[in-house]
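Visitor: Assemble the whole structure, with the sequences as input and the hints as a guide.
Quick mapping for you: the protein sequence lines, in order, are chains A and B.
All the letters of the first sequence, read from the start, carry residue numbers 2 to 112 under our numbering.
All the letters of the second sequence, read from the start, carry residue numbers 26 to 137 under our numbering.
The set of hints was computed from the structure by calculation and includes no laboratory data.
Even glycine gets a Cβ: it sits at the ideal position worked out from N, Cα and C.
Please note: incorrect hints may appear among the correct ones.
Said to hold, decoys possible - Partial chain A-side listing against chain B, Cβ under 7 Å, derived:
1. SER52
2. TYR74
3. GLN98
4. LYS99
5. PHE102
6. THR104
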Amino acid sequence: GIQVEQSPPDLILQEGANSTLRCNFSDSVNNLQWFHQNPWGQLINLFYIPSGTKQNGRLSATTVATERYSLLYISSSQTTDSGVYFCAGPGAGTGFQKLVFGTGTRLLVSP
Amino acid sequence: ETGVTQSPTHLIKTRGQQVTLRCSSQSGHNTVSWYQQALGQGPQFIFQYYREEENGRGNFPPRFSGLQFPNYSSELNVNALELDDSALYLCASSGGRNTEAFFGQGTRLTVV
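Guide: Written out as structure tokens, the structure reads:
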């Protein structure tokens with residue numbers, strides 16, 4: 002199955018700073034999702050982005066499927082952005098939707 | 026539109042016992058998947074149910090089993106609990122293959 006690598010593993014930012022999180026896949030993916038896991042454990046959907054670029058407020062994401070990576074941009078970070086960010090996607094050709102997650106990027110935004 | 030809901034939110038069980046976790050899928054979704062997330066790790070796929078049948082399974086032993094009901098809600102059953110089963114269990118629902126998955130708030134299971 003596919004493997005998912007996320008970088009950096011940990012990130013500490015001052016409030017207001019910008020950041021880029023990266024997700025690399027070992028094989029092609031036919032869909033990709035970014036999640037934010039809040040302190041209570043719930044995975045909040047950020048983007049469903051098989052390819053191209055999407056924006057939602059201060060967050061945007063770009064997936065380059067042919068090069069097997071996706072980027073999540075956070076601009077003007079706020080303390081509420083703290084938490085763990087995961088990317089996940091299934092391998093191409095699977096007969097069912099099994100999401101393979103990376104190990105996450107742990108973000109701490111300090112005031 | 027109702028989101029994915031899981032119950033209970035927290036649970037403490039003794040080693041060797043059995044546990045049942047429940048999940049109500051999002052309205053209009055016919056596919057439910059279960060994941061286990063150990064502390065400090067990403068979620069790991071347990072299995073998926075589509076129209077009341079298991080149609081995919083991860084690397085988990087048979088003591089992890091499940092059901093999906095006609096209303097597409099689902100149960101995860103774990104028999105003979107082990108200490109290593111302590112984890113956050115997440116349920117996700119989706120409208121089918123290669124569509125966006127939405128997660129519930131999770132059930133935090135502690136085995137003592």
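Visitor: Hints first: check each against the structure and report whether it holds.
Guide: Hint check:
no., hint, result
1, SER52, "13 Å, violated"
2, TYR74, "20 Å, violated"
3, GLN98, "5 Å, holds"
4, LYS99, "5 Å, holds"
5, PHE102, "3 Å, holds"
6, THR104, "5 Å, holds"
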